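Student: Sequence:
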Amino acid sequence: MSWTDERIDTLRTMWEAGQTASQIAEALGGVSRNAVIGKAHRLGLQARPSPVKANEPAVVAEAVVAAAPPAPAPEPEPEPEPIRAAPVVDAEPAPEPVREPQPILRSVGPGGFVRQSPGEQQPPPSPAPPRRLVPAKPSPEIAGKTSLLDLNDRICKWPIGHPGEPDFHFCGDKVNPGFPYCVAHCGHAYQAQLPRRDRRPPPPLPFGGPRVR
DNA sequence: CCCTGATTCGC
DNA sequence: GCGAATCAGG
Numbered sequence: 005m006s007w008t009d010e011r012i013d014t015l016r017t018m019w020e021a022g023q024t025a026s027q028i029a030e031a032l033g034g035v036s037r038n039a040v041i042g043k044a045h046r047l048g049l050q051a052r053p054s055p056v057k058a059n060e061p062a063v064v065a066e067a068v069v070a071a072a073p074p075a076p077a078p079e080p081e082p083e084p085e086p087i088r089a090a091p092v093v094d095a096e097p098a099p100e101p102v103r104e105p106q107p108i109l110r111s112v113g114p115g116g117f118v119r120q121s122p123g124e125q126q127p128p129p130s131p132a133p134p135r136r137l138v139p140a141k142p143s144p145e146i147a148g149k150t151s152l153l154d155l156n157d158r159i160c161k162w163p164i165g166h167p168g169e170p171d172f173h174f175c176g177d178k179v180n181p182g183f184p185y186c187v188a189h190c191g192h193a194y195q196a197q198l199p200r201r202d203r204r205p206p207p208p209l210p211f212g213g214p215r216v217r
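The letter at position 51 of the first sequence is residue 55 when you use the working numbering, and the numbering goes up by one with no holes.
To be clear, the hints were calculated from the coordinates, so they are not data collected in a lab.
Note that this is a predicted model, so its numbers are computed, not measured.
Ideal Cβ placement from N, Cα and C applies to all residues, glycine included.
Among the hints, a few may not be true.
Unchecked claim - With beta-carbon atoms standing in for the labels, derived distance ranges: (1) 20 - 158: 17 to 25 Å; (2) 188 - 50: 35 to 43 Å; (3) 53 - 12: 21 to 29 Å; (4) 182 - 24: 32 to 40 Å; (5) 52 - 9: 20 to 28 Å; (6) 187 - 46: 37 to 45 Å; (7) 42 - 188: 33 to 41 Å; (8) 188 - 20: 22 to 30 Å.
All chains, full assembly: derive it from the sequences and hints.
Tutor: Shown next, in the form of structure tokens:
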């Protein structure tokens, strides 16, 4: 498998949405999570909280500084004012980057987002945990559309379009209570359990699969 | 043990 | 550029 533009697209989007490298690798197929991580780094998509690099005391820098007599100012870093990227309507507990707890039955939804079976409803995972302070700069194309940052647990998360495309957005309708999608899209997301013989194998194609045009 | 991401390094 | 091997924390 090679890194086509689309696969890179998917990687970017999912990585930025906070999906783990394993999830991304699984969704893409044909690559290991190592490959995903490697690629993510080469793409410059770095810096997500690593379990290994929790804190990073600037010890190494000291050796360099040692040669410079005038100690460079320790950089006070003017408190960057916590920006809430998406002004949510009501005061909800901060959208923590909650990762869904290893679902029992996991399949990939139309946009590559994890689909839960109705039986195991859980706190709807917000796939778009705004980490860091990324100023949501809605481009004109998606103005008025439901962006990744607008997702909350009561609007339909059905993806419209393909990740990476300028007008990629989400349905945004009111959800079918208890479900991550609106009534209409629940109809697409959840199919009646069919007898084994005439059940079709789930499409292995993640994130909308190959672009259909 | 499982998971995670980071890094290295031969290819 | 790629990704397996390795490392190291949770």
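Student: A separate judgement is required for each hint: does it hold in the structure or not?
Tutor: Hints, one by one, checked against the model:
1. 20 - 158: 17 to 25 Å: Since residue 20 and residue 158 have Cβ atoms about 23 Å apart, the given range 17 to 25 Å holds.
2. 188 - 50: 35 to 43 Å: Taking Cβ atoms as reference, residue 188 and residue 50 lie about 38 Å apart, which means the hint holds.
3. 53 - 12: 21 to 29 Å: holds (23 Å)
4. 182 - 24: 32 to 40 Å: About 26 Å separates the Cβ atoms of residue 182 and residue 24, which means 32 to 40 Å is violated.
5. 52 - 9: 20 to 28 Å: holds (22 Å)
6. 187 - 46: 37 to 45 Å: Check passed, 42 Å falls within 37 to 45 Å.
7. 42 - 188: 33 to 41 Å: Roughly 40 Å apart at Cβ, these two residues keep to the hinted range, so it holds.
8. 188 - 20: 22 to 30 Å: For residue 188 and residue 20 the Cβ distance comes to about 27 Å; the hint holds.
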